[in-house]
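Using the sequences and the hints, build the whole thing.
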Amino acid sequence: DAKTTQPNSMESNEEEPVHLPCNHSTISGTDYIHWYRQLPSQGPEYVIHGLTSNVNNRMASLAIAEDRKSSTLILHRATLRDAAVYYCILRDGLDSGGSNYKLTFGKGTLLTVNP
Amino acid sequence: DTEVTQTPKHLVMGMTNKKSLKCEQHMGHRAMYWYKQKAKKPPELMFVYSYEKLSINESVPSRFSPECPNSSLLNLHLHALQPEDSALYLCASSPGRGSYNSPLHFGNGTRLTVT
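Chain order of the listed sequences is A and B. Heads up, the first sequence is in the working numbering, so the first residue is 1 and it goes up one at a time. Heads up, the second sequence is in the working numbering, so the first residue is 1 and it goes up one at a time.
Hint data in this document are derived by calculation from the structure and do not stem from the laboratory. Backbone N, C-alpha and C define an ideal beta-carbon position, used for all residues, glycine too. Honestly, I wouldn't trust all of these hints.
Under 7 Å between C-beta atoms, here's a sample of chain A residues computed to sit facing chain B [unchecked claim]:
(1) Tyr-32
(2) Pro-40
(3) Gln-42
(4) Gly-43
(5) Tyr-46
(6) Arg-68
(7) Tyr-101
(8) Phe-105
(9) Leu-110
Pairwise CB distance ranges (calculated) [to be verified]:
(10) A:His-76 with B:Ser-102: 20 to 26 Å
(11) A:Glu-15 with B:Ser-65: 47 to 53 Å
(12) B:Glu-67 with A:Glu-11: 39 to 45 Å
(13) B:Thr-115 with A:Lys-69: 31 to 37 Å
(14) A:Ser-53 with B:Met-15: 20 to 26 Å
(15) B:Met-15 with A:Glu-14: 44 to 50 Å
(16) A:Ser-53 with B:Thr-115: 50 to 56 Å
(17) A:Met-10 with B:Ala-39: 17 to 23 Å
(18) A:Lys-69 with B:Pro-69: 28 to 34 Å
(19) B:Val-12 with A:Lys-69: 33 to 39 Å
Below, the structure written as structure tokens:
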């Protein structure tokens, strides 16, 4: 699986924007960039995904570098409920006989939100 | 509340016991997953079922035995576990073939303690 690198931890203040970086220099042309988060005592939760273009949804925005070797998850106004571990994951979009069902988590970034 | 329901929420078992974890979803998803998560670590994939057939086994010891009796149900049978098997066991589902980039929906897990 192609690998991602994220900072171990980040801190932000409530109601301020948060930019969570992810490096994926070995990304292949068919890899999608997925973000999940895991709040304390809960299972992981899907946040957003994209291939080449920037993406927005109700939870966050995903900015993808032109060379696709890095991406940034943007939370526009952090709240205390956004405190979680954020995982950046590469997932192959090709039909490879089922192996691309795999979703392999890296270490993620622990986001702390200060009131 | 999640759309993937896992029971029980907590389980304590001895090393000679046999127990089962249950997972249920009614979203019509055809791929179902078991993950294991140790404290302060990312989730690790154990098994994937696709259309009720075992698609991926990540070299999991035979004391863990998965079963998918129908498209809505996923079980994990446990036998002769070791204390180091204590962890949070997470179930997830996704639509299935042709939707490889669809998000996984996770349950909130079963917290297993082996004594």
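Going through the hints against the structure:
1. Tyr-32: 5 Å, holds
2. Pro-40: This hint is violated: Pro-40 (chain A) lies away from chain B, its Cβ roughly 11 Å from the closest one there, beyond 7 Å.
3. Gln-42: 5 Å, holds
4. Gly-43: 3 Å, holds
5. Tyr-46: 3 Å, holds
6. Arg-68: At about 15 Å, which exceeds the 7 Å cut-off, the nearest Cβ of chain B leaves the hint on Arg-68 (chain A) violated.
7. Tyr-101: Since the shortest Cβ distance to chain B is 5 Å, the answer is holds.
8. Phe-105: 4 Å, holds
9. Leu-110: Given a least distance of 9 Å, the restraint on Leu-110 (chain A) is violated.
10. A:His-76 with B:Ser-102: 20 to 26 Å: 25 Å, holds
11. A:Glu-15 with B:Ser-65: 47 to 53 Å: The hint (47 to 53 Å, Cβ to Cβ) holds, given that Glu-15 (chain A) and Ser-65 (chain B) are roughly 49 Å apart.
12. B:Glu-67 with A:Glu-11: 39 to 45 Å: 44 Å, holds
13. B:Thr-115 with A:Lys-69: 31 to 37 Å: 47 Å, violated
14. A:Ser-53 with B:Met-15: 20 to 26 Å: Given about 52 Å between the Cβ atoms, the range is violated.
15. B:Met-15 with A:Glu-14: 44 to 50 Å: The hint (44 to 50 Å, Cβ to Cβ) holds, given that Met-15 (chain B) and Glu-14 (chain A) are roughly 46 Å apart.
16. A:Ser-53 with B:Thr-115: 50 to 56 Å: 51 Å, holds
17. A:Met-10 with B:Ala-39: 17 to 23 Å: 21 Å, holds
18. A:Lys-69 with B:Pro-69: 28 to 34 Å: 44 Å, violated
19. B:Val-12 with A:Lys-69: 33 to 39 Å: With a Cβ separation near 46 Å, Val-12 (chain B) and Lys-69 (chain A) fall outside 33 to 39 Å, so the hint is violated.
Checked against the numbered hints above, the structure breaks hints 2, 6, 9, 13, 14, 18, 19 and satisfies the rest.
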